[in-house]
Amino acid sequence: MKDRRKRDVVSWNRFFWCTLFLVFSCVLFSGFTFSTFRFFFFFGEKFHPEIVSTWRTPAMEALSGDSSAVPAPSIRETVILPDQVLVFLKYPPSSRLFTKEDLLCVYLSANKSSSQSQRRLPPNHIDGKDVDDQIVRCPLIPRGYTVSLALKSGGYIHPGPTHKWDSLVYEALIDRDNTTVVFVKGLNLRPEKLSNASRFECVYGWDFRRPKFLLRSQVISMAQEIVRCKTPLSVLGAPQMVNSSIKASIRVKGRGTLHSIARPGLRSKPQPGPPERKPHEMCICTMLRNQARFLREWVMYHAQVGVQSWYIYDNNSDDDIEDVMESLVQAGFNISRHVWPWIKTQEAGFAHCALRARESCEWVGFIDVDEFFYSPLGLSLHDVISNQSGSGNNVAEIRTSCYSFGPSGLKHLPPQGVMVGYTCRLGAPERHKSIVKPEALNSTLINVVHHFHLSEGFRYVNADRGVLAINHYKYQVWEVFKEKFYRRVATYVADWQNEQNVGSKDRAPGLGTRAVEPPDWSSRFCEVTDTGLRNLVLQKFMDPLTNHLPWEELGRGYGN
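Take the sequence shown: its letter number 296 is residue 296 in this note's numbering, and every next letter is one higher.
Please keep in mind that the hints were generated in silico from the structure rather than gathered at the bench. Ideal placement from N, C-alpha and C gives every residue a C-beta, glycine not left out. Please note that a few of the clues may not be correct.
Unchecked claim - In the DSS-like style, the derived pairs of lysine-lysine whose C-alpha atoms are separated by at most 27 Å in a straight line are:
| # | residue 1 | residue 2 |
| --- | --- | --- |
| 1 | 482 | 411 |
| 2 | 164 | 90 |
| 3 | 90 | 247 |
| 4 | 433 | 278 |
| 5 | 344 | 193 |
| 6 | 344 | 482 |
| 7 | 253 | 212 |
| 8 | 433 | 344 |
| 9 | 482 | 433 |
| 10 | 164 | 247 |
| 11 | 253 | 344 |
As the list claims (entries may be wrong) - Per label pair, the in silico range of CB-to-CB distance:
| # | residue 1 | residue 2 | range |
| --- | --- | --- | --- |
| 12 | 144 | 74 | 18 to 26 Å |
| 13 | 461 | 190 | 26 to 34 Å |
| 14 | 523 | 390 | 42 to 50 Å |
| 15 | 176 | 209 | 27 to 35 Å |
| 16 | 377 | 527 | 17 to 25 Å |
| 17 | 209 | 359 | 32 to 40 Å |
| 18 | 394 | 319 | 40 to 48 Å |
| 19 | 412 | 207 | 50 to 58 Å |
| 20 | 442 | 276 | 22 to 30 Å |
All chains, please: the whole structure from these sequences, using the hints.
So, in structure tokens, the structure goes:
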């Protein structure tokens with residue numbers, strides 16, 4: 001016990017000498033500020049002081065030959081995805097954020113002469129409006145190169161730490177019970193199963209290559225890509241400036257600590273006293289990529305049937321999603337965009353969304369942008385939820401069957417939207433999606449996209465097809481459908497270009513692994529004519545004077 005305390009507590013002798021050195025540094029270097037070093041004393045925790053030298057190369061140097069240092073952002077982290085590179089920028093306070101037109105991606109090689117050591121390409125996209133977390137998406141890095149950034153007007157930002165995506169802690173947040181929820185890629189755990197938490201350990205710090213400078217804590221639960229950790233008191237009590245720089249990671253016992261870019265943010269805590277009614281009864285969470293042309297119809301329709309708030313997890317879109325969302329916000333819709341660049345992490349993203357939505361939403365539906373709730377009885381979602389989850393029955397999840405629609409004889413996008421255009425579907429439902437009560441979710445946050453695991457004492461019900469269904473416009477015209485071959489977003493679903501699980505229900509029967517349009521595509525997946533939702537939309541949404549639906553773009557039609 002004595003030895004453990006000796007390890008866990010920073011000695012006062014070391015603290016004294018570090019403090020003395022710190023004061024001496026303040027006097028010696030006139031340019032010293034608190035932000036140029038990190039020194040933290042965590043009493044009672046496994047942590048030691050760390051001092052970072054003020055003598056560093058400036059973050060940016062002028063390429064024109066001007067040797068003066070220019071206030072500029074630094075590259076906080078770089079993550080190499082299979083198809084592009086994420087460069088995370090951190091700006092000085094009150095700085096102007098760069099745009100795509102300001103920057104170039106610079107690829108540096110140490111194996112060539114100086115005249116051949118650089119390649120420059122424009123970035124694919126820039127996400128984020130936060131000085132602490134802007135993401136520049138660069139084209140995929142060539143083999144043997146490192147990636148950095150340069151200003152077109154002159155200037156170079158030095159490369160930061162680089163991480164591979166296949167083994168990385170990529171997100172973390174401190175939940176309202178003071179545990180840390182950590183999202184991890186590379187553990188390859190089984191879906192829908194709890195894993196043995198004793199094989200792992202949570203770690204906190206700045207540099208995971210230096211084990212003696214890390215805080216360690218217990219893993220409470222581990223499932224899929226989600227780990228729940230006991231948060232050290234030192235982290236919970238640290239100032240916000242300190243918390244924003246601490247990273248969380250996972251150590252696999254006997255194998256080492258995973259790379260991490262995850263800085264745990266704080267979630268709001270429940271208010272004392274009896275629970276208050278949340279601002280929104282019904283919300284929706286979705287994950288999308290390049291679905292801007294369909295978003296207006298999806299949001300405006302669901303607003304009419306009872307959805308009050310939308311959480312959009314943007315998975316590397318490069319269309320005009322931001323402009324479309326801004327137009328919806330200006331029109332009064334409560335819709336927010338969360339940049340989620342992590343590929344094949346839909347289950348983790350939905351768990352993250354559930355935690356965010358829990359403070360504001362009584363119920364959250366987890367559906368895609370090509371899926372539409374539809375009540376043949378004309379009921380609102382409020383009515384359906386009230387009927388299905390009456391007082392005292394402990395219902396916390398309503399599972400709704402999905403009916404998949406085909407191209408319905410069309411070869412081009414329907415000008416009035418998917419609900420009016422596609423009217424022929426398969427006879428039997430394919431899977432289900434759920435409306436859940438986030439307060440009732442199991443603390444492991446296990447989900448399989450279609451539904452979550454619930455806490456003990458809560459149960460789910462299956463909605464009757466005549467009360468509530470989902471019209472899933474899955475097999476649209478080929479120009480839309482072929483995009484599904486790019487990548488599937490779910491963790492445990494194989495991409496369609498792979499030979500793995502070719503017979504899965506997630507795939508289109510008979511297509512194989514190549515995005516080649518079959519000659520009879522427009523007539524496929526048509527077993528039952530179903531015009532129920534189409535008729536409802538034309539009756540309730542059509543403007544009798546213009547014959548336009550609200551989401552149509554006047555003058556050029558929908559989606560063109």
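Hint check results:
Taking the CA atoms of residue 482 and residue 411, the gap is near 13 Å; set against the 27 Å cutoff, the hint holds. Among the hinted pairs, residue 164 with residue 90 is consistent with the structure: their alpha-carbon atoms are about 20 Å apart, no more than 27 Å. The hinted pair formed by residue 90 and residue 247 meets the criterion: a straight-line CA distance of about 15 Å does not exceed 27 Å. At most 27 Å may separate the alpha-carbon atoms for a hinted pair to count; residue 433 and residue 278 meet this at roughly 23 Å.
For the proposed pair residue 344 and residue 193, the alpha carbon gap of about 18 Å is at most 27 Å, so the pair holds. For the hint pairing residue 344 with residue 482, the CA-to-CA distance comes to about 18 Å; that is within 27 Å, so the pair holds. At roughly 16 Å between alpha-carbon atoms, residue 253 and residue 212 fall within 27 Å of each other, so this suggested pair holds. Restraint check for residue 433 and residue 344: satisfied, since their Cα atoms lie roughly 18 Å apart, inside the 27 Å limit.
The hinted pair formed by residue 482 and residue 433 meets the criterion: a straight-line CA distance of about 23 Å does not exceed 27 Å. Annotation: proposed proximity of residue 164 to residue 247 holds, straight-line Cα distance about 17 Å (limit 27 Å). For a cut-off of 27 Å, the pair hint linking residue 253 to residue 344 stands: about 26 Å separates their Cα positions. Against the hinted window of 18 to 26 Å, the Cβ-Cβ separation of residue 144 and residue 74 comes to about 24 Å, which satisfies the hint.
Taking the beta carbon of each, residue 461 and residue 190 are about 27 Å apart, inside 26 to 34 Å as hinted. Taking the beta carbon of each, residue 523 and residue 390 are about 44 Å apart, inside 42 to 50 Å as hinted. Checked against the hint of 27 to 35 Å, the pair residue 176 and residue 209 passes, with Cβ atoms roughly 32 Å apart. Our hint of 17 to 25 Å for residue 377 and residue 527 holds, since their Cβ atoms are close to 23 Å apart.
The hinted window of 32 to 40 Å between residue 209 and residue 359 holds, with their beta carbons roughly 37 Å apart. For the pair residue 394 and residue 319, the supplied restraint of 40 to 48 Å holds, since their beta-carbon distance comes to about 42 Å. The beta-carbon spacing between residue 412 and residue 207, approximately 55 Å, falls within the hinted interval of 50 to 58 Å. For the hinted restraint 22 to 30 Å between residue 442 and residue 276, the CB-CB distance of approximately 24 Å keeps it satisfied.
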